[in-house]
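S.K.: Sequence:
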Amino acid sequence: MLKQRKAMKTGVLLFFAAIMMAALAACGTTTEVIKEVPVEKIVEKEVIKEVPVDKIVEVVKEVPVEVPVEVVKEVIVEKEVVKEVIKEVVVEPTPAPKDTLVFAGLDWTSAQVQNGVARYIVENGYGYPTEAIDGSTVPLFQGLIAHDIDITMEIWLPNQEAIWSKALKDGQVVAAGKSLEDNWQSTFVVPTYMVERNPGLVSVSDIAEFKDLWVEPDSGGKAVLIGCIAGWSCRAVNEEQIASYGLEDVVELRDPGTQAGLFASLEGAYLKGDPWLGYLWGPTKPSNELDLTLLEEPAADGCANPGEGCAFPPAEVLIAVNTDLIAEAPEVIAFLRNWDWNGVNQLMAEGWYSENKDDFDDPFEATGIYFLKNSEAWTEWVPDDVEANVKASLAAVASP
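At position 233 of the sequence shown (counting the first as 1) the number is 779 in the working numbering, and the numbers step up by one without a gap.
To be clear, the hints were calculated from the coordinates, so they are not data collected in a lab. Incorrect hints may have been included.
Stated by the list, open to error - In the PhoX-like style, the derived pairs of lysine-lysine whose C-alpha atoms are separated by at most 25 Å in a straight line are:
id	residue 1	residue 2
1	Lys712	Lys724
2	Lys831	Lys919
3	Lys831	Lys818
4	Lys757	Lys818
5	Lys937	Lys919
6	Lys831	Lys903
7	Lys768	Lys757
8	Lys768	Lys818
9	Lys937	Lys903
10	Lys724	Lys919
Generate the whole structure from the sequences, applying the supplied hints.
M.R.: Shown next as structure tokens:
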């Protein structure tokens with residue numbers, strides 16, 4: 547169709563060009579000759595033929611489309627993980643209550659004060675209940691052999707040598723440690739002022755000459771000698787020595803009844819400057835505070851028994867337990883083996899006791915608490931856990 551349109555435009559142009567040339571010729575002087583020339587007339591017809599055509603219409607339609615948005619979420623997922631754990635648990639049976647440990651309540655200060663300290667440690671440090679049976683040396687040692695007594699804080703040798711050696715040999719007792727420092731003791735002690743006033747009063751052999759110094763109205767003309775307490779092992783030694791020295795007709799041996807009675811007798815005479823003759827040992831409060839003299843006796847060296855007529859040898863003082871305790875309370879035996887009741891500890895505790903005993907229902911327990919609160923010496927005798935237990939208990943107790 548486009549080619550047909552171009553051909554038609556070309557024919558029209560040629561036709562108009564011929565008319566213009568004819569007009570120009572008429573206006574001139576020359577004769578216009580019109581010559582008809584046959585011209586081929588090209589008539590172009592535009593034929594429009596309607597042909598049914600499928601009409602494609604592009605329609606743009608806005609359709610809302612949901613554009614997916616990528617959302618990143620941090621999700622914390624908790625998972626309960628169940629693990630099956632098999633543990634082998636050894637269940638120990640509930641420990642049985644500990645047995646009560648029985649102390650010998652010997653009737654003199656040093657032993658009772660040691661009991662006060664030791665019992666507090668055993669009860670509050672090791673967890674054993676304790677009690678004491680009061681009495682004198684001989685019956686309480688029989689109780690130790692019979693296992694009615696568990697612990698005796700003072701066994702005096704050689705005073706108890708014979709019975710001690712037999713019980714040791716028979717396997718009834720065992721030494722658990724050292725008690726006091728080695729002590730001295732004598733049946734024939736006088737205040738030094740008596741020796742100074744009476745030159746020649748030097749030995750036991752001089753007692754007969756000076757007996758009138760100690761005669762009392764009810765002594766039948768004999769010198770009164772305040773001896774060891776009845777029931778103590780030293781009492782028998784007093785009697786044997788008096789006999790061995792030939793003084794039975796010269797001396798009357800009297801029983802002071804208690805340690806307190808013995809000390810009071812000496813201290814009362816000393817304060818007044820009166821004569822006094824009797825048994826004593828040391829270190830004790832009187833022996834440390836008073837000026838005393840031991841009358842001379844044959845030496846203990848080579849003398850098996852002072853009752854045979856010689857001086858007491860230095861006293862070795864032991865702690866003893868019955869053999870059942872080895873299995874029942876070995877940790878307590880270990881504690882007693884570490885015990886060290888030296889002169890410093892002894893005099894510190896006994897000095898406080900002497901000054902404060904009348905203020906307490908149980909002065910020995912109070913003395914034990916006083917000593918434990920005011921000395922660190924005992925911490926060397928026990929392991930750390932026991933020390934902690936004792937100190938925790940002391941913290942809850944008012945200072946005596």
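S.K.: Decide, hint by hint, whether the structure agrees.
M.R.: How the hints compare with the structure:
At most 25 Å may separate the alpha-carbon atoms for a hinted pair to count; lysine 712 and lysine 724 meet this at roughly 19 Å. Restraint check for lysine 831 and lysine 919: the C-alpha separation of about 22 Å stays at or below 25 Å, so the hint holds. Distance restraint check for lysine 831 and lysine 818: the Cα-Cα separation of roughly 18 Å lies within the 25 Å cut-off, and the hinted pair is therefore satisfied. Straight-line distance between C-alpha atoms of lysine 757 and lysine 818 comes to about 19 Å, which keeps the hinted pair within the 25 Å bound.
This hinted pair checks out: lysine 937 and lysine 919 have alpha carbons roughly 8 Å apart, not beyond 25 Å. A hinted pair counts as satisfied when its Cα atoms are at most 25 Å apart, and lysine 831 with lysine 903 qualifies at roughly 14 Å. For a cut-off of 25 Å, the pair hint linking lysine 768 to lysine 757 stands: about 7 Å separates their Cα positions. Using a Cα cut-off of 25 Å, the hinted pair lysine 768 and lysine 818 holds, with the two alpha carbons roughly 22 Å apart.
Annotation: proposed proximity of lysine 937 to lysine 903 holds, straight-line Cα distance about 23 Å (limit 25 Å). Pair hint lysine 724 plus lysine 919 holds up; C-alpha atoms about 23 Å apart against a cutoff of 25 Å.
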